[in-house]
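Which chain is which? The protein sequence lines are Z and P, in order.
Sequential numbering of the first sequence, starting at 1, is according to our numbering.
Sequential numbering of the second sequence, starting at 1001, is according to our numbering.
Note that these hints are calculated values from the structure, not bench results.
Cβ atoms here follow ideal geometry from the backbone N, Cα and C, with glycine treated the same way.
Certain hints may be false.
Unchecked claim - Sample of chain P residues facing chain Z (criterion: CB under 8 Å; computed from the structure):
1. P1020
2. R1080
3. A1084
4. T1095
5. R1096
What the hints assert, rightly or not - With a cut-off of at most 27 Å between alpha-carbon atoms, the simulated DSS-like pairs for lysine-lysine come out as follows:
6. K70(Z) - K163(Z)
7. K1083(P) - K85(Z)
8. K1026(P) - K146(Z)
9. K1026(P) - K145(Z)
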Amino acid sequence: MKAMRKILLPVVAGLCLAGAAAAEDFDLKALDKLGEHAASTANVTLNADVLRLGAAFLSADGDSDAEAIKSLIGKLKAIYVRAYKFDRAGQYSDADLAALRSMLSAQKWIAVVDAREHDESSQIYFLTKSNGKLGGVAVIATEPKKVTVVYIDGELDPGDIAKLSGNMGIPEIHDLDRIRKGDNKSGK
Amino acid sequence: MSEHRLEDELRSALRREEPPAGFAAKILAQTVGGPALHLVPQRGRSWFQRPVGLAMAAALAAMAIVPAVMVEQHRREQERGLKAKQELLTALAITRQQFQQAKARVERATGEQR
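Kindly produce the complete structure, drawing on both the sequences and the hints.
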């Protein structure tokens, strides 16, 4: 029994530490500095409970894409969105994103998209898993007066990425603004 | 025969019995020098002084409060759910926008290269 404990305890501790390390791999506190100079910020943090609750309310409202969204977020642990808008160009520098990029240069993450044009860029990173699935997705998009970071934590099929970038009944940002104001004529 | 027996039993049960010695003295002692008995007539007591009235009032209060609490709880859950739905849609919409933007940038970059 004691021998078993000797074997099991380090394994359990190792698994716990691995889980904690995965979460620490992407620390959004590295973006705090960006928020200090931003004219407006949008922070959305959805943990697993809130994701399920939101999906349940989509179903309750009879949303036709509720099932697709539910299956997409089924294995997700969290979604984090940080969007910063600045009044003028030059109010943030690449150095403000350096800490985040260095986290994403860790071996487990692979940069699948790195598109740069003029002074705009988009980078998409996948956290790889041994079972052929993804353990997370990170997006960093920069414009002279805008920085957006999205981190999706949890298991995703490669096919889910196509769903995420497709329409799937998700209203456009301007539609969301209208819904917030109470005009729900679009039915979503 | 049985009628006579019944009569005898009744007579025996209802026969006059003399009180024990000193009974009258004890009663007098209670009424004159003993502790006063505070007997409040039932009709004179307020409803909240009666256990049954109090229980009924508590039950009525509970009947009035419990549905209100449940309605409020339901409203809060509804509010929390709608907020979660809204945030989920916002997060997914921003994610989609970023993916589409990245795709467009890649397409423009590869188009320029050609």
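Here is how each hint holds up against the structure:
1. The criterion of a C-beta within 8 Å of any C-beta in chain Z is not met by P1020(P), whose closest approach is roughly 78 Å, and the hint is violated.
2. With a least beta-carbon distance of about 7 Å to chain Z, the hint placing R1080(P) at the interface is held under the 8 Å criterion.
3. The beta carbon of A1084(P) is positioned within 8 Å of a beta carbon in chain Z (closest approach about 4 Å), and the interface hint is therefore held.
4. The beta carbon of T1095(P) is positioned within 8 Å of a beta carbon in chain Z (closest approach about 5 Å), and the interface hint is therefore held.
5. Of the supplied interface hints, the one on R1096(P) holds, with its beta-carbon coming within about 6 Å of a beta-carbon of chain Z, less than 8 Å.
6. Taken as a hint, the K70(Z) and K163(Z) pair is honoured in the structure, with Cα atoms around 12 Å apart against an allowance of 27 Å.
7. Restraint check for K1083(P) and K85(Z): the C-alpha separation of about 23 Å stays at or below 27 Å, so the hint holds.
8. The suggested pairing of K1026(P) with K146(Z) is violated, with an alpha-carbon distance near 100 Å, which exceeds 27 Å.
9. Distance restraint check for K1026(P) and K145(Z): the Cα-Cα separation of roughly 103 Å exceeds the 27 Å cut-off, and the hinted pair is therefore not satisfied.
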